[in-house]
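Undergrad: Next come the chains, spelled out residue by residue.
Protein chains: 2
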Amino acid sequence: MNNKKEQIILAERPTGTPDKNTFKLVETDSKQPEKGEVLIRTLYVSVDPYMRGRMIDAPSYVAPFELNAVIDGGAIGEVVESKSDQFQSGDVVIGGYGWQTYYTAKENEIRKIDKDIAPISTHLGILGMTGLTAYFGLLEIGKPKEGETVVISGAAGAVGSIVGQIAKIKGAHVVGIAGSDEKIQYLKEELHFDDAVNYKTTANLENDLAKACPNGIDVYFDNVGGEISDAVHAHLNKFARMPICGAISSYNLEGEDIGPRVQTTLIKKSAVMQGFTLGDFADRFPEGTVALAEWLQEGKLKYQETIKEGFENIPDAFLDLFEGNNIGKLLVKVAELPQ
Amino acid sequence: MNNKKEQIILAERPTGTPDKNTFKLVETDSKQPEKGEVLIRTLYVSVDPYMRGRMIDAPSYVAPFELNAVIDGGAIGEVVESKSDQFQSGDVVIGGYGWQTYYTAKENEIRKIDKDIAPISTHLGILGMTGLTAYFGLLEIGKPKEGETVVISGAAGAVGSIVGQIAKIKGAHVVGIAGSDEKIQYLKEELHFDDAVNYKTTANLENDLAKACPNGIDVYFDNVGGEISDAVHAHLNKFARMPICGAISSYNLEGEDIGPRVQTTLIKKSAVMQGFTLGDFADRFPEGTVALAEWLQEGKLKYQETIKEGFENIPDAFLDLFEGNNIGKLLVKVAELPQ
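So the protein lines, in turn, are chains L and Z. Residue numbers for the first sequence follow the UniProt record's numbering, beginning at 1 and rising by one. Residue numbers for the second sequence follow the UniProt record's numbering, beginning at 1 and rising by one.
Treat the hints with care, as some may be off.
The list makes no distinction among identical chains, and a pair is therefore deemed to hold if it is satisfied within one copy or across any two copies.
Unchecked claim - Dumping the calculated BS3-like pairs for lysine-lysine here, alpha-carbon to alpha-carbon at most 25 Å: (1) K115 to K188; (2) K211 to K35; (3) K170 to K308; (4) K143 to K238; (5) K188 to K35; (6) K302 to K4; (7) K200 to K170; (8) K302 to K83; (9) K200 to K145; (10) K112 to K83.
Worth flagging that the hints you see were computed from the coordinates, not collected in a lab.
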């Protein structure tokens with residue numbers, strides 16, 4: 001086996017938008033697996049907006065990345081050497097070991113995935129954290145009822161595109177907000193959203209939302225925060241529910257994220273804003289995974305992936321997230337699964 | 001009987017802080033009661049911060065006041081003439097008929113109150129809307145558990161002072177925020193709050209809150225919004241709950257209410273902000289009233305009223321609300337109940 005591996009480490013904590021200096025690609029020795037361990041060759045790594053928050057050294061829902069340590073996050077790999085009874089060479093496994101070409105994992109750090117139900121990359125997306133985030137955020141906090149109006153920001157993103165489809169399954173009127181005509185077309189034609197608004201080209205987002213939501217907004221699944229959310233708040237119905245999943249508009253701000261305070265709106269509408277992270281629902285992952293896999297197999301859920309190629313391109317892929325250029329889940333393919 | 005009555009009407013919609021020109025005292029004819037009606041002589045009227053919101057012509061949870069019409073709101077009076085089988089002269093009744101010395105009410109607009117369980121004025125306060133607002137907002141949204149920390153802004157106000165006492169009954173560590181040393185002393189010595197912070201004299205509200213809340217903040221009952229709430233948000237614990245009851249800091253702003261956006265904080269803490277108004281719990285008022293009356297009779301709840309005298313002083317009393325000079329419920333006594 002190859003005794004060397006590549007890692008991407010956090011070279012410096014970004015202020016404002018991360019750039020190439022934020023990361024550094026290093027070569028290091030790969031640890032030989034001992035009893036109860038396996039050596040994994042990475043096939044895909046996940047690249048997610050929440051990672052931006054871990055790059056600064058402040059308390060959050062997950063610990064900050066350490067300086068000069070590998071960036072961790074969801075990854076899928078193939079077991080190439082096993083000293084464990086639970087895994088054998090050729091198994092495809094998922095774990096949170098991050099941006100490195102090889103990893104020596106303890107048994108309890110990884111879990112086997114089924115190569116047959118869907119392409120393996122879906123376990124980092126629609127059948128993984130992404131799908132579960134959409135599932136629990138929408139259904140447990142948003143609680144859409146048939147005929148209600150659900151608005152989603154970042155609607156063409158990994159989470160947003162699943163949220164909208166689940167809302168359609170539940171019988172809601174679904175409106176997406178996204179930032180390119182290609183995304184708008186994707187939402188309306190491929191995912192059958194009832195309407196979609198391009199926040200970059202609209203003359204007036206508030207007016208366009210009013211047209212797209214003639215009965216007001218009952219659920220707002222918020223992936224972006226900022227001015228887009230301010231515009232949505234103008235159309236909330238009484239008892240509106242707002243799962244707050246992300247605030248990508250604020251992640252790279254150098255100053256404070258300043259805008260209209262929400263208290264008065266919340267009182268007038270008896271509305272709820274509830275922040276969450278997927279870990280809040282950890283005891284219910286099996287239920288969510290089963291539901292998502294069923295909808296996927298029944299053809300009720302579609303997904304799109306943007307897959308970049310090459311380990312060394314991971315930082316660029318991450319930086320692309322903040323350009324808003326991707327549709328669906330963003331992954332980097334590091335190696336091919338042998339046939 | 002007297003055929004004339006006095007009313008205070010909305011003379012103009014205020015921009016910014018209301019002033020004397022907002023109101024006008026007029027004399028008008030009192031309508032003779034017909035079958036099913038009673039004539040009421042007003043004894044007390046309630047003066048509340050939420051009325052500010054009704055003075056502007058914008059959609060809210062209650063309809064705006066009409067220009068040149070009487071300001072309505074909670075009032076208690078004595079039946080002086082009855083053409084109804086359900087009421088007789090001398091009955092003390094409560095209704096929402098507002099700022100007028102007499103009112104001719106239909107039977108279904110008023111309800112009789114028990115003169116014996118507590119002073120009649122308490123039905124506009126701790127046994128009325130004020131107490132119920134505290135009860136449902138804290139228990140249904142805040143859901144304090146024993147040993148958790150509950151922080152209340154506007155803590156010496158009508159609602160806040162009851163919220164803190166109910167939180168103590170539930171075994172919480174209770175910290176109030178208020179704006180004078182007299183109020184701080186009242187909260188700590190009379191109402192047995194565990195601690196209280198004077199936001200007007202503190203050198204650093206965030207630091208003082210950190211000292212008063214060594215285990216962080218689990219429930220924040222928000223009556224004020226604005227910068228005080230920004231400071232509280234810095235100390236939220238994971239899964240914090242925030243009933244949003246009022247935003248008095250913003251009611252008289254001429255411009256927008258601008259400050260740090262809350263989305264990132266909500267996500268990091270999996271925290272909830274939920275606006276509400278008392279009407280959301282209308283089907284459960286009897287339960288709340290019973291609980292409050294029991295605690296009051298057991299001596300577990302104390303209350304304080306600031307009672308101004310004289311019908312013509314109602315506008316001044318209302319304007320005083322925004323000066324933050326009052327402790328507890330603010331009422332105006334319009335006439336004496338005959339012995």
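Undergrad: Now tell me, hint by hint, if it's right for this structure.
TA: Against the structure, the hints come out as follows:
no., hint, in the structure
1, K115 to K188, "neither (31 Å within a copy, 64 Å between copies)"
2, K211 to K35, "neither (62 Å within a copy, 49 Å between copies)"
3, K170 to K308, "neither (33 Å within a copy, 55 Å between copies)"
4, K143 to K238, "both (14 Å within a copy, 22 Å between copies)"
5, K188 to K35, "neither (52 Å within a copy, 61 Å between copies)"
6, K302 to K4, "neither (38 Å within a copy, 72 Å between copies)"
7, K200 to K170, "neither (29 Å within a copy, 50 Å between copies)"
8, K302 to K83, "neither (38 Å within a copy, 69 Å between copies)"
9, K200 to K145, "neither (30 Å within a copy, 45 Å between copies)"
10, K112 to K83, "within (15 Å within a copy, 81 Å between copies)"
Hints 1, 2, 3, 5, 6, 7, 8, 9, counting from the list given before, are not met by this structure.
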